[in-house]
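Chain by chain, the residues:
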Amino acid sequence: METPTKHIEKTTSKIEVDKIVIRFSGDSGDGMQLTGMQFTDTAALLGNDLNTFPDYPSEIRAPIGTVAGVSGFQVHLGSTEIYTAGDQYDVLVAMNAAALKVDLPRLKRGSIIIANAQGFDAKNLKLANYPDGVNPLENGSLDNYIVHLVDITKLTKECLSGTGLGMKEIERSKNMFVLGLLFWMFDKPLDHTLKFIRDKFAKKPEIADANVLALQAGWNYGENTEIFTTQFKVAPAKLPAGTYRNITGNHATAIGLIAAAEKSGLPLFIGSYPITPATDILQELSKYKANGIKTFQAEDEIAGICAAIGASYTGSLAVTTTSGPGMSLKTEALGFATMLEIPLVVVNVQRGGPSTGLPTKTEQADLLMAMHGRHGEAPLPVLAASSPADCFDTVMDASRLAIEHMTPVIFLSDGYIANGSEPWRFPTNENIPAIKAPMLKKLNEGETLMPYKRDENFVRPWIKPGTKGLEHRIGGLEKENGTGNVSYEPINHEKMVQLRAAKIKKIEDFIPLAKPDSGNENGEILVLGWGSTYGAIKTATRELIAEGYDVSHIHLRYINPFPKNLGELLHSYEKILIPEMNSGQLLQLIRAKYLVPAVGYSKVQGLPFATSEIKEKIIELTKTY
Amino acid sequence: METPTKHIEKTTSKIEVDKIVIRFSGDSGDGMQLTGMQFTDTAALLGNDLNTFPDYPSEIRAPIGTVAGVSGFQVHLGSTEIYTAGDQYDVLVAMNAAALKVDLPRLKRGSIIIANAQGFDAKNLKLANYPDGVNPLENGSLDNYIVHLVDITKLTKECLSGTGLGMKEIERSKNMFVLGLLFWMFDKPLDHTLKFIRDKFAKKPEIADANVLALQAGWNYGENTEIFTTQFKVAPAKLPAGTYRNITGNHATAIGLIAAAEKSGLPLFIGSYPITPATDILQELSKYKANGIKTFQAEDEIAGICAAIGASYTGSLAVTTTSGPGMSLKTEALGFATMLEIPLVVVNVQRGGPSTGLPTKTEQADLLMAMHGRHGEAPLPVLAASSPADCFDTVMDASRLAIEHMTPVIFLSDGYIANGSEPWRFPTNENIPAIKAPMLKKLNEGETLMPYKRDENFVRPWIKPGTKGLEHRIGGLEKENGTGNVSYEPINHEKMVQLRAAKIKKIEDFIPLAKPDSGNENGEILVLGWGSTYGAIKTATRELIAEGYDVSHIHLRYINPFPKNLGELLHSYEKILIPEMNSGQLLQLIRAKYLVPAVGYSKVQGLPFATSEIKEKIIELTKTY
Amino acid sequence: METSTIQTNGKLVSKDFSSDMEVKWCPGCGDYSILKQVQTVFPEMGVKKENFVFISGIGCSSRFTYYMDTYGMHSIHGRAAAIASGVKAANPELSVWIVSGDGDSLSIGGNHFIHLMRKNFDVNYLLFNNQIYSLTKGQYSPTSEKGKITKTSPYGSIEEPFNPSELALGAKASFVARTLDRDPKHMQGILKRAHVHRGTSFVEIYQNCPVFNDGAFFAFSDKETKKEEAIFLEHGKPLLFGNNGDKAIRLDDLTPVIVNINDECVNDLWIHDEKDKTKANLISRFFDTHFDGVHFPRPFGVIYAEERPTYDDILSDQMEKLYIKKGKIPLNKILSGDKTWEIL
Amino acid sequence: METSTIQTNGKLVSKDFSSDMEVKWCPGCGDYSILKQVQTVFPEMGVKKENFVFISGIGCSSRFTYYMDTYGMHSIHGRAAAIASGVKAANPELSVWIVSGDGDSLSIGGNHFIHLMRKNFDVNYLLFNNQIYSLTKGQYSPTSEKGKITKTSPYGSIEEPFNPSELALGAKASFVARTLDRDPKHMQGILKRAHVHRGTSFVEIYQNCPVFNDGAFFAFSDKETKKEEAIFLEHGKPLLFGNNGDKAIRLDDLTPVIVNINDECVNDLWIHDEKDKTKANLISRFFDTHFDGVHFPRPFGVIYAEERPTYDDILSDQMEKLYIKKGKIPLNKILSGDKTWEIL
Ligand SMILES: Cc1ncc(C[n+]2csc(CCOP(=O)(O)OP(=O)(O)O)c2C)c(N)n1
Ligand SMILES: Cc1ncc(C[n+]2csc(CCOP(=O)(O)OP(=O)(O)O)c2C)c(N)n1
Ligand code: SF4
Ligand code: SF4
Ligand SMILES: [Mg+2]
Ligand SMILES: [Mg+2]
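Residue numbers (the numbering used here), protein chains in the order written: chain E, 480 to 1104; chain G, 480 to 1104; chain X, 839 to 1182; chain A, 839 to 1182.
If you are wondering where the hints come from, they were derived from the structure by calculation, not from laboratory data.
So, partial list: chain X residues that the calculated Cβ filter (under 7 Å) puts toward chain G:
{"hint": "1", "residue": "Cys-864"}
{"hint": "2", "residue": "Thr-974"}
{"hint": "3", "residue": "Gln-977"}
{"hint": "4", "residue": "Lys-989"}
In silico SDA-like cross-links for lysine to any residue, where the CA-CA straight-line distance does not exceed 25 Å:
{"hint": "5", "chain 1": "G", "residue 1": "Lys-1096", "chain 2": "E", "residue 2": "Leu-1074"}
{"hint": "6", "chain 1": "G", "residue 1": "Lys-682", "chain 2": "X", "residue 2": "Tyr-993"}
{"hint": "7", "chain 1": "A", "residue 1": "Lys-986", "chain 2": "X", "residue 2": "Glu-1144"}
{"hint": "8", "chain 1": "G", "residue 1": "Lys-768", "chain 2": "A", "residue 2": "Pro-1168"}
{"hint": "9", "chain 1": "G", "residue 1": "Lys-921", "chain 2": "A", "residue 2": "Gly-884"}
{"hint": "10", "chain 1": "A", "residue 1": "Lys-1163", "chain 2": "X", "residue 2": "Ser-995"}
{"hint": "11", "chain 1": "X", "residue 1": "Lys-1177", "chain 2": "E", "residue 2": "His-671"}
{"hint": "12", "chain 1": "E", "residue 1": "Lys-974", "chain 2": "G", "residue 2": "Thr-755"}
{"hint": "13", "chain 1": "X", "residue 1": "Lys-984", "chain 2": "X", "residue 2": "Lys-1064"}
{"hint": "14", "chain 1": "E", "residue 1": "Lys-984", "chain 2": "E", "residue 2": "Leu-1045"}
{"hint": "15", "chain 1": "X", "residue 1": "Lys-886", "chain 2": "X", "residue 2": "Arg-1036"}
{"hint": "16", "chain 1": "A", "residue 1": "Lys-853", "chain 2": "G", "residue 2": "Ile-942"}
{"hint": "17", "chain 1": "A", "residue 1": "Lys-853", "chain 2": "A", "residue 2": "Gly-884"}
{"hint": "18", "chain 1": "E", "residue 1": "Lys-943", "chain 2": "X", "residue 2": "Pro-930"}
{"hint": "19", "chain 1": "X", "residue 1": "Lys-1164", "chain 2": "A", "residue 2": "Lys-986"}
{"hint": "20", "chain 1": "X", "residue 1": "Lys-887", "chain 2": "X", "residue 2": "Pro-1022"}
{"hint": "21", "chain 1": "E", "residue 1": "Lys-915", "chain 2": "E", "residue 2": "Lys-943"}
{"hint": "22", "chain 1": "X", "residue 1": "Lys-984", "chain 2": "A", "residue 2": "Glu-1145"}
{"hint": "23", "chain 1": "X", "residue 1": "Lys-1163", "chain 2": "E", "residue 2": "Ile-772"}
{"hint": "24", "chain 1": "G", "residue 1": "Lys-985", "chain 2": "E", "residue 2": "Val-1078"}
{"hint": "25", "chain 1": "X", "residue 1": "Lys-849", "chain 2": "E", "residue 2": "Gly-925"}
{"hint": "26", "chain 1": "G", "residue 1": "Lys-768", "chain 2": "A", "residue 2": "Gln-1156"}
{"hint": "27", "chain 1": "X", "residue 1": "Lys-1177", "chain 2": "E", "residue 2": "Ile-772"}
Partial chain E-side listing against chain A, Cβ under 8 Å, derived:
{"hint": "28", "residue": "Pro-542"}
{"hint": "29", "residue": "Ala-547"}
{"hint": "30", "residue": "Tyr-752"}
{"hint": "31", "residue": "Pro-753"}
{"hint": "32", "residue": "Gln-762"}
{"hint": "33", "residue": "Ser-765"}
Glycine included, each C-beta is placed from N, C-alpha and C at the ideal position.
Model the full structure from these sequences, guided by the hints.
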């Protein structure tokens, strides 16, 4: 690797750490997201396990220097397994006063702060609403932290003075200086980022050079100045052997759908309308036109799902992607798809609600809507992903159920795992099981056409327009069992309501049984979770067991239908805790179905659970009665 | 009253009966709905208690003479209290073969059939799909019934031959002949209907005359021919003293809203889009423009509720009326209203679902959607009416809660009570309590504007645009507690989620406690119901108690929040049965909230429960363990 | 719309297209005639039976789907256009026919309607306009005339109605035509033109609802009035009408005036040009605009027909070009991405 | 729109209309200029401050509501027009202003948009057109040009865009105007005209989004290009433009042609007539139609203005007439109906 040559001698101590949480924090314009991602990629490539959490404001660009404008990127890396982005920070990069103000509360005592001097000048202190004359760096309020005040802006300018670049470009490169410095602190090579810079600015070599210079200047600064005397080393994690990539939940969802289409031999069609935080999926899929993937940006969410219904009717794997408000709008059409009994994958990347709510924050409060948000009896499968990489498996599963059981399926993700990332030991085409569409191409001798005749799993055949001799009509009015003709006959209606429900229930037989994920087989307390709380619950459980508590953890991917053995399993625990980022939605389903006195633990702050929060709650529960 | 003079002498016996169910059944074109309603009005005016059930096909006009085209009107009248339209018929008027075919199954053994000869000719038998040569009137299949074959068409023609009317008009009058005959059979005067005819055809006296002639001819036919020898007398019911009218659920809903507006001193605004079976409400309210009531027929359901939100914002009692599919479409806007915390009454007249389902049939399957059909945590009050007349009290209650607690409220009715009717001892303006809107017109000295500051019931003030000095902005993004300014602050979000929930829960203190409706205070079995199952459950309970069973009946008007004492009350019963016209929706809420092992009883046939069905189920339950 | 189709040695006949469902419209409903004309012309379309797809919304008109023995979806209220877009985008081989009412299309379905016109999918759009909500038993619709008394407007509607062809043109429709239930031959001709046109073919069909809005369009079909009240457009021909066929229209600057052909130099007469959008706009406005207080006859026929690329064609082209340029990315490449590392 | 209002002894000043919320648009966003112009003209509108109401949808543009110290509702995506209809119907005294983006108005909000134009509520509609979805960070919108590369159209959009003024005219808008963020004086003039117009005043405002669609409209504001690329319409005046202000437009039959005024008899020039819908249609189509392959400048100003009864006026009239005719029915009468009986 190219590393700059040293000028002076100094002694630096290297400290081995097994886990560390770094928070890159600055103004929306400071490029902290990119900085954080570059650091993450390098750490990942070196075999650290990790988990990231981008945390940015909902305004496109809130006023510069203000608290509202702070954009943060958090990465948790370790030589051991990492399941969350971390509760508290060991290192905080604060590009301005507002960033420090926002992140100080979650900074560990004794941790390191790297502060950008210029970001703490009078102007910035004022923008961050510090009282006149108050500078947190000087008033002793940070005595419990190790503060490195670095004049990043000035240093960047210096090293780029020769390049003849404008002030704007030079300013823009300061995040590379920071990145270089961090690489030095964590003893990471520059080459991955160097390559990235060269590729990104291939057409603008002068910009590329500037970024490279800044990056190396940052590294040199750590290496040569007396200020920094310790380097941290995070050894590679002992992850299962294999080939890994780093991936976000939205990206994993997108390629999961591509894989499902390929494995089912069906064309992929996406009918969607942009909405945060689901838009990435539509954007990612729109890149694959050469693969025959059709992305239809509809005029609204209703048109999005309706176009998908039309595409499904013609034999495509049809998908619609959205978030809360869009999900609400799809209600009627989703009920229609349930009535038609056609495959459809509905992706809901949950965000803070109700209404417009907190568009860029995370929440799990759309579960009961997924279960019941349609008029009439319109049951459908509901699946939820538990981590960024798990989005791939779960959306593939959702697609499989939709296709093989001829039903719309709701796939729940949320803002936390959608934007967060983790290393993923991705599968290969060869080891992904095929999906079989119940396509009907012709009738057997003497057989009459029965579009709603069901197989042993209550699944009806999928008949594409264009199939000779099988012309028929379908619709939203109640159907006669078998023929699918319109029928207002009372008993038939009841029968059909039961059959549609039985079809969904039958899926029990096609999904794995529930079993404790981590923790004890049969602990005193069961922590039952679903979705993105996985990492926090798992970590809490492991730590508590290490501390001698008797805890089990079951995490649900399948919420409708529940795994067959869930009831039995639940009854085998004394105490059941259900932490959710809502007011107790899974809790209601579990209590109603199994009559177990489970208790809920709500956090509805637009933020994921901290491991510590869950640990405390569990401990508290061990103390009750 | 004018009654025709008799020509010949004959002896007719009069039988006193305390209850009787009559079914008028014929082709959609035969005017059975009108005939039934006229009969009902007269019976009502004479003080019978009664309950009606119009049952018509969803097609505007299905092919004449076919089973699909049969339109029925059922009336249950009695000298004792009547709570349902009756399980089985004592008298069936069958205008054609298809009508007989449809209604025979629910005809009591030994009951009377009045068959219109022409409706059983070869053509009609064929249209009704009777096998060639088979005529139910002749093949002995009706031996267990008293069949009166009357050539109604011919007789009507005869009596109108002189009038110079065209065949079409004459044909049209045959339902008046039937009505006259029925009036004779039940010894009811003609005068109410005579007046009705004169009013209706004021502009067409020749038509009026024809109808009058036919009506009297029918009466004469009963009086003079030997065929009919018995008259039935149903004495006036011993109802509580007072002034009564007959009313349908939709009509009661409409005037309930008018009353709520008047009692709150707010202008009434309805933003709706037509949909069966809710359209009547919009239609009825559109007649009151002179009263300052504004009905806005919107371009779709979304615009309907949005216009209502706009009207509510300006200080109107705003209402949107719809049914299943429309309710699904209102999901997003309803969540928005919850976030704004403004009054809004959402009327959902439930029909058979899912999707387009069974538009003219009844169902109760939108309860869980009412509770959870919005993304994010968006709780709101849910009320359900239990009978046609109860729609008035319940929708007034819904309006009161919406206004006094600044929240959207869902009012659930259904096709059965919406179109069904019963006698109603209507209140007077004077004895309806006033509704107080928490309107804020000005601030006190030195007070700062806090649009989301709450009173002791967590209710925020209602500030109308146009109010000087109180200009402010509201919206769908999360709000800062108190000020209502946009806030992404995590703890504030959690606080607001809790406050919005607390506001709804607090309504507990403003609604009556739950108590057994009829039946024993503390029976061995509790039958817990909601909505239009009231009549059937009440009747079943009373009959079973008379038969010596130990049964109680609690009926819920308030489903969110539940009455405070409900849990305690439920725990005091051994067995709880919850009959619903869905797959067990209240059941899920009750089990989840109170962890009681209640069992459900589903009927999802687009038809109301029969008293007998509920009785059997209860008896069956008494036998278990 | 026009679809790439294989001639089916012309064997199909009209009754091949009638399904076994019994038709459930009221006696005398205009929908019967439309059904008849569609079934009459379909065999001549040169499309395989199994490639026809009907997508309808909700309304009396939308029941149409059940009566055609083709593939069909009786969908939800107002959404037929959106569903049909998905059908056509996913399988351009199909001959897609949307059937919808004035409420279904222009009230709840208005957004999908205008976006379909703009996107120009190669589909056919049959709007059965009876100027009333019929299935729900008689409320005014967005095409009902101002002042109309209906169940929801007991004192007369206060709303300015849409002019469907004007709206379609404003939304960039590439084909706009009008016909009526009582003129079978004319309707058959228009249906064929619609089928042949590449792009969204919008056909407004005046349809009588004897139960809730009887006679709304009789002036255009009754012998006594038809000649004076209706103009039948023909490309390249003057706009002739009148009891003696001697009336025509001339444009004074931008203002149409009714003239008698005998007092006119033929060259001054307005010659119908389907491709001229400005003229199409004017014609569509004969509907309800009074130019200088003069009442104009109602135009029937193809008002506008423009050739422009269809959504489905451009989509296919773009995908094909990209496929040729980049080729299909193998799934394994998509799964691995370009930044991977090994753990041994 | 125009509202019956009481003069407030003219005390209001611009800053009375700026709220205490800090404005959160990107540096250089065109929305700032629009906010400034609105706050500048409002004091002169003769409307009491408390009678102004802003209703916006969702989008960067829709944040506008928070920055005006008037009553305001930042509603949900696409629904501002529907909500505003309810506001105006319920209280005609209010001066209602809708603020919406190109996506909010014409994509998800398209149905309410066209129905509002048709119904002609007496409200003002400000459409901030930046030809992109900005709040969601850059996807193409229904006004984005064909071929545009965005995050959801990496290979170029394949959609024909709407022409907002043409769509509004097709939907029977009674007032259609266009202005742009970079011409404060012009915008102020248009805003006043919109306020004065009785009926729905549709104002399309070209707004630059420096972050996701920078420079989309610079041709109409930059000195070098402005004169050739933009026409500023004035009622009763010829359509003059060009570097030397010597170009104008003439109509050959129905086809506009660009001419040099020096070679023309002034009487042959096209004189702008706001009340002529046919001309308005043509002007709106300068937008994206090439008449005989000629590229036309973009028109700014009032394209069309027609006096027709507003929904709220007709509603009030009808209710008043009925009140006078029938009088208010007492609640007790409504409760009892006309068929009652006594039980003693
Ligand atoms: C979401 C929804 N809203 C409302 C309805 C009720 N509805 C059914 S058809 C219809 C309008 C019918 O009018 P039109 O589209 O003109 O069709 P027509 O019956 O006149 O042929 C309405 C309001 C519905 N079925 N679904
Ligand atoms: C129901 C719903 N769907 C989608 C979104 C996401 N969304 C917010 S604004 C917007 C479009 C913004 O574009 P535009 O209306 O042009 O406003 P601009 O930001 O460009 O000013 C979208 C798709 C949403 N908030 N709600
Ligand atoms: S109601 Fe009217 S439109 Fe509907 S079927 Fe009957 S006649 Fe036809
Ligand atoms: S993204 Fe564009 S439109 Fe939005 S605030 Fe920034 S500059 Fe303005
Ligand atoms: Mg219609
Ligand atoms: Mg925009």
